[in-house]
Amino acid sequence: MRRLLSVTLTGMATLPVAHTAVAADLTVKVEIPRLSVAEYHKPYVAMWVERADQGVASTLAVWYDAKAKEGDGGTKWLKDMRQWWRKAGRDMKMPADGVSGATRAPGEHPLTFTDGKAPLGKLPAGNYNLVVEAAREVGGRELVRVPFTWPPQSAQSANAKGEHELGTVTVQLKP
Amino acid sequence: MNTRKLYARLAVLALAALAPLAANAHRQWLLPSATVLSGNDDWVTVDGAVSNDLFYFEHFPLRIEHLVVTAPDGSAVKAENASTGRYRSTFDVHLTQQGTYKVAVVNDGLFASWKDDNGQTKRWRGAPDAFAREVPANAKDLQVTQADGRVEAFVTSGKPSTKALATTGRGLELAPVTHPNDLVAGESSSFRLLLDGKPAANLKVEVVPGGIRYRDQLQDFSVTTDADGKFSVKWPAPGMYWMAAQAQQDTGAVKPATKRRASYAATVEVLPQ
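Chains A and B, in that order, give the protein sequences.
Position 80 of the first sequence, counting from 1, maps to 80 under our numbering, and the rest follow consecutively.
Position 46 of the second sequence, counting from 1, maps to 1046 under our numbering, and the rest follow consecutively.
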């Protein structure tokens, strides 16, 4: 699967003042594409920070049909986000406070996470991927990866684009 | 009962007795509707059949009289809505527990062949206690084999567990190294075969991907178990796979058998990355 990966680095001039300890921020913008299909369902989406060894550092968000009657929806389809399910989902309990929420409509959805605060937690320095996996009822499944290095030394932005179930996923870092 | 009904009954029994024998050349398999599930109240429907091609119903149903479903806590679970049709048996399993279920059909019995007064080869298959009744005592060229067969599939709801995967120590069994519901295309998985609880060394394991109807080549391959009974498979593509092995021995057979044939077959699902 080909993905358009563009990584843009924007450096910011640092002011020569005493450095105050401010926790770094990670902002993720997920674009859910508007699709014209006969039967449209908002996708199930999982977002996580993937370590260099492919393990999961933390699950940041899970959008699913939490209110659905068991057997008809709800957790039954979480496994369709198959990579997340295998690496983290099946070890978690849904709903998960501060992580899980309802499915989202087409559009851009920003989420901001702070170093040291749940669900990002204290992320050790290193190279990571921000991964978003989407699965749509009577539709397909897609996974998008955006690499980033932590902690950011300067404000940065990177993005990757899905082709059918996900639009652009943008990762913005703020030191 | 009248003679006609009796003959009809015997014909059906004879057919049933013959079916597994003819099926020795065929593949026996279980096919679950899913192997990785994430709900809190999931069900799976499992099909069982004996056929040439995988995983198509085109020959005989798998008889499920000796179906054993083991729940994650190790207890036996009753299958529901079971039925046996022309080409397949079907049953449902209600996954009330989180963890791994093992679905197994165990057919242990004796297989006998002999020559009748006309020189025709007769075959019989059944339980040891029926042997004395149904096989002529001084049959000519009598060969009796102890046939232990096990057909399995594995299903996990939520987080995989291993209690249900415990082997019984009888016959040819799979002791997983890689969890059988954790198989992904492109990755390598390891398993162990045990015969009566001990490593089944140097055994050829046949691995066949399903879906032959839509391609020209079978794309099957085989691996051999090492001294520890272990073998590894690197999955070339996602899909359902059938893994099978047979062990033949001239020792250790239960009387009146003089030979022993233990077979194992499992259906595993390999998911895409």
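Some hints could be false.
[What the hints assert, rightly or not] Derived pair list, reagent style DSS-like, types lysine-lysine, alpha-carbon separation capped at 27 Å: (1) B:K1163 to A:K93; (2) B:K1078 to A:K69; (3) A:K76 to A:K93; (4) B:K1234 to A:K69; (5) B:K1159 to A:K42; (6) B:K1159 to A:K122; (7) B:K1078 to A:K87; (8) B:K1159 to A:K87; (9) B:K1234 to A:K93.
No wet-lab data here; the hints were simulated from the structure.
Review point. Of the numbered hints stated previously, which ones are contradicted by the structure, given in increasing order?
Key: Failing hints, ascending: 4, 7 and 9.
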